[in-house]
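Participant: Chains as they are written, first to last, in the numbering used here: chain A, 318 to 575; chain B, 318 to 575.
Be aware that one or more of the hints could be misleading.
Same chains, same names: a pair is fine if it fits in one copy or spans any two.
[Said to hold, decoys possible] Here are the simulated SDA-like pairs of lysine to any residue, each with C-alpha atoms no more than 20 Å apart in a straight line: (1) Lys515 to Ile492; (2) Lys491 to Arg386; (3) Lys556 to Gly536; (4) Lys556 to Glu532; (5) Lys427 to Asp554; (6) Lys328 to Gln471; (7) Lys556 to Ile539; (8) Lys491 to Met368; (9) Lys556 to Leu537; (10) Lys413 to Cys559; (11) Lys451 to Gly403.
No lab work stands behind these hints, which were simulated from the structure alone.
As a plain string of letters, each chain reads:
There are 2 protein chains.
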Amino acid sequence: MRAGQGKAGEKAALRYQEIEAWLREIIMAGRPGQALPSEVEIATNFEVSRMTARQAVLNLMREGLVDRRRGAGTFIADNPLHRREGVLLSFSEDMKRRGLTPSSTMISSKKEIATSEDRNALGLKDPSSVIVIKRIRIADGTPLALERVALLTQCAAVLNEDLENGSLHDGLRKIGFQPTVASGWLKARLATAQEARKLDLPSKSPLLVETRVIEDENGLAIEHTETAYAANRYVVDIKLNCAPAVMAPFKAAPMAPA
Amino acid sequence: MRAGQGKAGEKAALRYQEIEAWLREIIMAGRPGQALPSEVEIATNFEVSRMTARQAVLNLMREGLVDRRRGAGTFIADNPLHRREGVLLSFSEDMKRRGLTPSSTMISSKKEIATSEDRNALGLKDPSSVIVIKRIRIADGTPLALERVALLTQCAAVLNEDLENGSLHDGLRKIGFQPTVASGWLKARLATAQEARKLDLPSKSPLLVETRVIEDENGLAIEHTETAYAANRYVVDIKLNCAPAVMAPFKAAPMAPA
């Protein structure tokens, strides 16, 4: 507790803890997807302000134990989706195979000045343009990820495809580009206030972020993408061979971090 | 800004922003590893309290732009280490190949009751015991990760090996177990206050967390590990083949999330 927060602050902090402990018991005993008491119900039960009730719920959301669906209340968080290792399915394809309905909210799609990361990833000169597509990726109504794709301007015709209900990679194949290999890296970072709002998360929630470059069948880098997943809703499976005690010298990673 | 925080609060918030903007300029113009002004210097320059100076630095640390080395001050953050894809090197081996000196601080190593996650991962009955080894993994003096390893009790003899300076996998090989394949998943979450302290991070910093099960050459699950990396210091490289439009049905992920 911060010094100088005073007696009232201390008392409020104790109340959060009581409410959190109570909610944790409900969560432990319950099942993913089960509705939790509303902020109004919590506030009434514990005779606290709605602000105090909300704070307790937000803490559990940041831990990933609780999820919120806009307009529908709070729920025990579903187990996160696992992306299987080795194969990159398009988001649409991946969700369909799980029996979920994929959709996207288009934030923007237009020609823009390439960032220095885009130029590095796609081997472009300074200055260059790229086609930038920003979407919220949604499964059964729950926002899973924010995605920013930068494509070579040769791929501009893909903007005529339906990128809200359809797959970008299907669109690229239609116009003659064959996405073949993806390489990149995974990191964790905190959501900005804007990102959190779009993903229906409390601010400063953790994100699992994948940066990747996709090559076509000729080894041409055509796509540079950052996908920022809500950490409580998506995890990435991995499979590794354990190195024997003696092996070939370490090769540097293929790309510098953003 | 929270309502009721008052004029003084607002003024302090504006000061953070000024200090942050100033530090961002230094960071943009500087190089990884370069020392940044101390909290005392910042406080003097901007005529603010040391608390206010610290808050600005903490914000930039949470973003991963600044790193702290205990006793040595704050620095422009190094680019994070990339783990190459496909092959699991032991931490010690991986660091040596990069020219860094690996070490570990042992937190505890003893027989414990297996958690339900341990039992699931290692195929154990309830109740069972496991050998639990908790270490802080360090590279050139910087803490990179917290690791909790649970081993079958058959591996207990590995506790006689030097696990502070040596490799656990080398130790397992010495006593007749051959770590062969690792499978698991990567997720992001926030550090607890205790984890943050051990990793020399501000509380609620993001962590990149890998959970994995390691099998020996006979397919026996011998090790269940959670490694929580400081997100600003470590990222994981991936390589994926893009799936063609039509492919085999989706196979469920091998394991349920923790």
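Participant: All the hints need checking, so say for each whether the structure fits it.
Facilitator: Each hint, compared with the structure:
1. Lys515 to Ile492: neither (30 Å within a copy, 52 Å between copies)
2. Lys491 to Arg386: neither (35 Å within a copy, 52 Å between copies)
3. Lys556 to Gly536: Intra 25 Å, inter 14 Å, cutoff 20 Å: inter-copy only.
4. Lys556 to Glu532: between (22 Å within a copy, 11 Å between copies)
5. Lys427 to Asp554: Neither, since 33 Å and 29 Å both go past 20 Å.
6. Lys328 to Gln471: So Lys328 and Gln471 fail the 20 Å test inside a copy (61 Å) and across (50 Å) alike.
7. Lys556 to Ile539: Cα proximity of Lys556 and Ile539: across copies only (16 Å, versus 27 Å in one copy).
8. Lys491 to Met368: neither (51 Å within a copy, 58 Å between copies)
9. Lys556 to Leu537: between (27 Å within a copy, 16 Å between copies)
10. Lys413 to Cys559: Answer is between: at 16 Å across copies they meet the 20 Å cutoff, but 33 Å inside does not.
11. Lys451 to Gly403: Neither way: Lys451 and Gly403 sit 25 Å apart in one copy and 30 Å across, limit 20 Å.
Going through the hint list in order, the structure does not satisfy hints 1, 2, 5, 6, 8 and 11.
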